[in-house]
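Guided by the hints, dock chain P onto chain U, whose structure is given.
These protein sequences, in sequence, are chains U and P.
Reminder that position 93 of the first sequence reads as 93 in the numbering used here, one-by-one numbering, no gaps.
In the numbering used here, each residue's number is its place in the second sequence (first place is 1) plus 112.
There may be inaccurate statements among the hints.
[As the list claims (entries may be wrong)] Below, simulated BS3-like cross-link-like pairs (lysine-lysine); rule was C-alpha separation at most 27 Å, straight line:
1) Lys190/P <-> Lys42/U
2) Lys57/U <-> Lys78/U
3) Lys167/P <-> Lys190/P
4) Lys57/U <-> Lys83/U
5) Lys167/P <-> Lys185/P
6) Lys78/U <-> Lys42/U
7) Lys42/U <-> Lys182/P
8) Lys167/P <-> Lys182/P
9) Lys42/U <-> Lys185/P
10) Lys42/U <-> Lys83/U
11) Lys57/U <-> Lys185/P
By construction, these hints were calculated from the structure, which means they are not laboratory data.
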Amino acid sequence: EPEVTQTPSHQVTQMGQEVILRCVPISNHLYFYWYRQILGQKVEFLVSFYNNEISEKSEIFDDQFSVERPDGSNFTLKIRSTKLEDSAMYFCASSAPDQPQHFGDGTRLSIL
Amino acid sequence: AQTVTQSQPEMSVQEAETVTLSCTYDTSESDYYLFWYKQPPSRQMILVIRQEAYKQQNATENRFSVNFQKAAKSFSLKISDSQLGDAAMYFCAYSLLRGDYKLSFGAGTTVTVRA
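Isolated chain U, as found in the complex (with noise of 0.2 Å):
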């Protein structure tokens, strides 16, 4: 069965690095997300793509984030400056229309 695949699993960084997390969604799916879980918390989402472009994003998604979709099969999240507070488990997700997302099996941001 087609998979959503995420890499790193874990990513260790300094506070003020900048961090690309990368996910490669199921290949015939349209719609691509990212949510952030912070250890012990729900779910949240951050940002919905969709025709290679931002099609709704959470009040989390500030300027400090970014989503790009560069080759046709990535969907990369980028956090340009991190701080503590950032770090958290990362999601991506991926679904086709009226469908379930099916989700990565998540990158594990640590900030040191």
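Same frame as chain U, but now just chain P:
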């Protein structure tokens, strides 16, 4: 904005018994989806079951079933014949039936299964 509320932080069930997790939501929309996702200690997000709001029949997937009460905006999950592998965090989630289908999650319920 849509909100999803799970009022039970933790539930414990004896192996082979049944446990029911509650979820309520708030929306002004008439067409939407509701989901239950399972998150084991590995922290993967696994879809358990989906319900379309326009369907009156409650969804069922093997040992998992829902009780969808649209007027009450209630969506509970019943796990029958509980197994040790059911131990996980369970999240209730909502999305619209159109647009970008973003998910709004509840705070989650941790299910412990006693052997």
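Checked hints:
1. Lys190/P <-> Lys42/U: 21 Å, holds
2. Lys57/U <-> Lys78/U: 14 Å, holds
3. Lys167/P <-> Lys190/P: Cα-Cα ~18 Å, so holds.
4. Lys57/U <-> Lys83/U: 19 Å, holds
5. Lys167/P <-> Lys185/P: 14 Å, holds
6. Lys78/U <-> Lys42/U: The given pair, whose Cα atoms are some 22 Å apart, holds under the 27 Å limit.
7. Lys42/U <-> Lys182/P: Holds - the C-alpha atoms of Lys182/P and Lys42/U are around 24 Å apart, at most 27 Å.
8. Lys167/P <-> Lys182/P: Distance ~10 Å between Lys167/P and Lys182/P Cα, so the pair holds.
9. Lys42/U <-> Lys185/P: The given pair, whose Cα atoms are some 20 Å apart, holds under the 27 Å limit.
10. Lys42/U <-> Lys83/U: 20 Å, holds
11. Lys57/U <-> Lys185/P: At roughly 26 Å apart (the allowed maximum being 27 Å), Lys185/P and Lys57/U satisfy the hint.
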